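J.: Whole structure, please, built from the sequences with the hints as guidance.
The lines below spell out each chain.
There are 2 protein chains.
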Amino acid sequence: MSAESAKPISYRDAGVDIDQAARSLGAIAGFARATATAGTAGEIGHFGGIFRLPAGEDRLLIASADGIGTKIKLAFAIGGWAHKRVGGDLVNHCVNDILACGARPLFFLDYVAMGKIDSEALEGLVEGMAAACGVNGAALIGGETAEMPGLYAPGEYDAAGFIVGEVSPSAFIDGSRIEPDDLLIGLPSAGLHTNGFSLARMIVGATGGPSQDREVLAHPLPGGDGETIGEALLAPHLTYFPQVYPLVEQGIILGIAHITGGGLIDNLPRMLPDGVVVRLDQSTWTVNPIFRYLVETGNVEPREQYRTFNMGIGMVLAVRPADAQTVCDAISDARVIGEIVAGSSEWKVTIEQTIDGTVS
Amino acid sequence: MSAESAKPISYRDAGVDIDQAARSLGAIAGFARATATAGTAGEIGHFGGIFRLPAGEDRLLIASADGIGTKIKLAFAIGGWAHKRVGGDLVNHCVNDILACGARPLFFLDYVAMGKIDSEALEGLVEGMAAACGVNGAALIGGETAEMPGLYAPGEYDAAGFIVGEVSPSAFIDGSRIEPDDLLIGLPSAGLHTNGFSLARMIVGATGGPSQDREVLAHPLPGGDGETIGEALLAPHLTYFPQVYPLVEQGIILGIAHITGGGLIDNLPRMLPDGVVVRLDQSTWTVNPIFRYLVETGNVEPREQYRTFNMGIGMVLAVRPADAQTVCDAISDARVIGEIVAGSSEWKVTIEQTIDGTVS
Numbered sequence: 000m001s002a003e004s005a006k007p008i009s010y011r012d013a014g015v016d017i018d019q020a021a022r023s024l025g026a027i028a029g030f031a032r033a034t035a036t037a038g039t040a041g042e043i044g045h046f047g048g049i050f051r052l053p054a055g056e057d058r059l060l061i062a063s064a065d066g067i068g069t070k071i072k073l074a075f076a077i078g079g080w081a082h083k084r085v086g087g088d089l090v091n092h093c094v095n096d097i098l099a100c101g102a103r104p105l106f107f108l109d110y111v112a113m114g115k116i117d118s119e120a121l122e123g124l125v126e127g128m129a130a131a132c133g134v135n136g137a138a139l140i141g142g143e144t145a146e147m148p149g150l151y152a153p154g155e156y157d158a159a160g161f162i163v164g165e166v167s168p169s170a171f172i173d174g175s176r177i178e179p180d181d182l183l184i185g186l187p188s189a190g191l192h193t194n195g196f197s198l199a200r201m202i203v204g205a206t207g208g209p210s211q212d213r214e215v216l217a218h219p220l221p222g223g224d225g226e227t228i229g230e231a232l233l234a235p236h237l238t239y240f241p242q243v244y245p246l247v248e249q250g251i252i253l254g255i256a257h258i259t260g261g262g263l264i265d266n267l268p269r270m271l272p273d274g275v276v277v278r279l280d281q282s283t284w285t286v287n288p289i290f291r292y293l294v295e296t297g298n299v300e301p302r303e304q305y306r307t308f309n310m311g312i313g314m315v316l317a318v319r320p321a322d323a324q325t326v327c328d329a330i331s332d333a334r335v336i337g338e339i340v341a342g343s344s345e346w347k348v349t350i351e352q353t354i355d356g357t358v359s
Numbered sequence: 000m001s002a003e004s005a006k007p008i009s010y011r012d013a014g015v016d017i018d019q020a021a022r023s024l025g026a027i028a029g030f031a032r033a034t035a036t037a038g039t040a041g042e043i044g045h046f047g048g049i050f051r052l053p054a055g056e057d058r059l060l061i062a063s064a065d066g067i068g069t070k071i072k073l074a075f076a077i078g079g080w081a082h083k084r085v086g087g088d089l090v091n092h093c094v095n096d097i098l099a100c101g102a103r104p105l106f107f108l109d110y111v112a113m114g115k116i117d118s119e120a121l122e123g124l125v126e127g128m129a130a131a132c133g134v135n136g137a138a139l140i141g142g143e144t145a146e147m148p149g150l151y152a153p154g155e156y157d158a159a160g161f162i163v164g165e166v167s168p169s170a171f172i173d174g175s176r177i178e179p180d181d182l183l184i185g186l187p188s189a190g191l192h193t194n195g196f197s198l199a200r201m202i203v204g205a206t207g208g209p210s211q212d213r214e215v216l217a218h219p220l221p222g223g224d225g226e227t228i229g230e231a232l233l234a235p236h237l238t239y240f241p242q243v244y245p246l247v248e249q250g251i252i253l254g255i256a257h258i259t260g261g262g263l264i265d266n267l268p269r270m271l272p273d274g275v276v277v278r279l280d281q282s283t284w285t286v287n288p289i290f291r292y293l294v295e296t297g298n299v300e301p302r303e304q305y306r307t308f309n310m311g312i313g314m315v316l317a318v319r320p321a322d323a324q325t326v327c328d329a330i331s332d333a334r335v336i337g338e339i340v341a342g343s344s345e346w347k348v349t350i351e352q353t354i355d356g357t358v359s
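Heads up: the protein sequence lines correspond to chains A and B, in order.
Position 135, counted from 1, in the first sequence is what numbering that gives the first Met the number 0 calls 134; the numbers after and before it change by one each time, with no gaps.
Position 76, counted from 1, in the second sequence is what numbering that gives the first Met the number 0 calls 75; the numbers after and before it change by one each time, with no gaps.
Hint data in this document are derived by calculation from the structure and do not stem from the laboratory.
Incorrect hints may have been included.
[As the list claims (entries may be wrong)] Only some residues are given here: those of chain B computed to face chain A with a beta carbon under 10 Å:
| # | residue |
| --- | --- |
| 1 | Arg11 |
| 2 | Leu98 |
| 3 | Asp265 |
[What the hints assert, rightly or not] The calculated lysine-lysine pairs, modelled on BS3-like cross-linking and capped at a C-alpha distance of 30 Å, are:
| # | chain 1 | residue 1 | chain 2 | residue 2 |
| --- | --- | --- | --- | --- |
| 4 | A | Lys347 | B | Lys115 |
| 5 | B | Lys347 | A | Lys115 |
| 6 | A | Lys115 | B | Lys115 |
Quick caveat: nothing in here was measured; it's all calculated off a predicted structure.
Where is the CB? At the ideal position from N, CA and C, for every residue including glycine.
T.: Okay, here's the thing in structure tokens:
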């Protein structure tokens, strides 16, 4: 067959529809526009997103890239509101990461890759991202939507977020001033946030196709308040920025750990200077029903629980004892969950449990 | 079966190996460290990547998020050097995008998602990214590696890049000063760069499994200089920053279009003010053998060719006629490929072809 007589092949034949993508991008530009801040400059559609940074002293830009993990698989099964939910999760994950350095958000960009552009999912994702950007004062200034037939299964996608914030060098938080007898204040999580989902999905049996997963996720959560397992798993990744940043500005926060992959056990050490370790008292906080259900059903060992799930604590702040009450008064449901002690053991985090005994 | 007697389930059982991930992350931190610039502050491992921005006047931060498209599928088939190649492609794609606004890179972050951590692929990717960051003066300050079993097939992954650069408001380039009789200077591409791969893979028949694809990609490219089809398709996405930025600093570049998805037809209008259109003369540049092969084999129609592939031009600069020679002398193989004319047709780009006649 000569080239001349063959049916012409177009990009659309290969599974990529530039026009369809352009239409969805037009629709979501409105969501982005609603996130405009003082720094916003220029429309979406330039080759780069534009953010105006006013003249000023030395500053540190703090940046983070994050994903949603396999929580995203639950959004495929549930659809609708769940796309919006994981879009918001992505932003809040990024916001909390840079907050851990004392930074406030400036702007956010997203990367969304789909096998075929799914307008409902794409627009839901970006609507969720834009809403969360609004809450956190971040401008959504750009992103990339990639149509990648053959890499993602029909109805599936991945999304990554990228945030840039700023902090003055004098306000930068890295935990270096933490010392023995400082207190650790735990902020409750709403659930798994965006970590531990590969294990959670395995335990609840949501590792099949969307329709099978949908059935599993529709069961009521044992020990819950009537929510389904799916609703409990898709509880939002909370942003701690609105409540914590005013305290950061007061200069009373010495260290911040965002409890993501690796749990309390791997994330608390990231803020600790040499020569100190952490002792937590698990009886001081409430472990959400979803975690109780997961660790009992899966018979997950204590150490594994605290390295895979946040177990009810989404962020930990280190403060001087004299500042603890101020912090607990300012943040709803915040409480002292442990303390800094002198030491240098290999395991820097000890969690005392009233029921199961010491984890490590 | 009671929870007590069940075999405990760990995160590793669910396909996620935090320790393995940590080992690979340790290995690749070295690549990142080698990209340190004056702005680098703090080690990899903080919750956020840190970049010090010195005191200064008003500035614009220019940010871009990009992927590699389905070129990444070819890296799965070829492996080895190809992972490094697409890592570099990702950085160069981002660099060229912000260069189109007149910005120089400050820092870069990556997002890599795999079904299971594949150390060879991950380290190759990051080595390629770090090398390209070095060439472009960008510091690789952080990233996210996500292990997502069940979303990516074994041996497959996706990667996204995020870049932030800066430009002073007076040097910001958006094409608004472009006027009739300005000239367009084309910079040669090395091949497809990172766009058009879903169509290209379909045309060459590389849409099967890795071993089948590997066989197709090993054939010599008809009309080439002895390179295989795989080598031609995986030609690097060139960075134009080292050659173009000195001209940007001279203030003689009025508009820059990075020719990515949508080709010359969709990207040139992104730099055009109202009231002007573009006329290109295709006989002024060489269409790489890979494009000739693809459009002939696939019988791709002319308009589709120029909206899917860059067809040999990776970047277009708009300059005053008096500056054209300076620019062509400064950049290897740069040449005048067209001009700006007054007009306001729906199709803003006309490409005259010596063989096939006018495209639009």
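J.: When the structure is checked against the list of hints, which entries are broken? Sort them ascending.
T.: Violated hints: none at all, because every hint is consistent with the structure.
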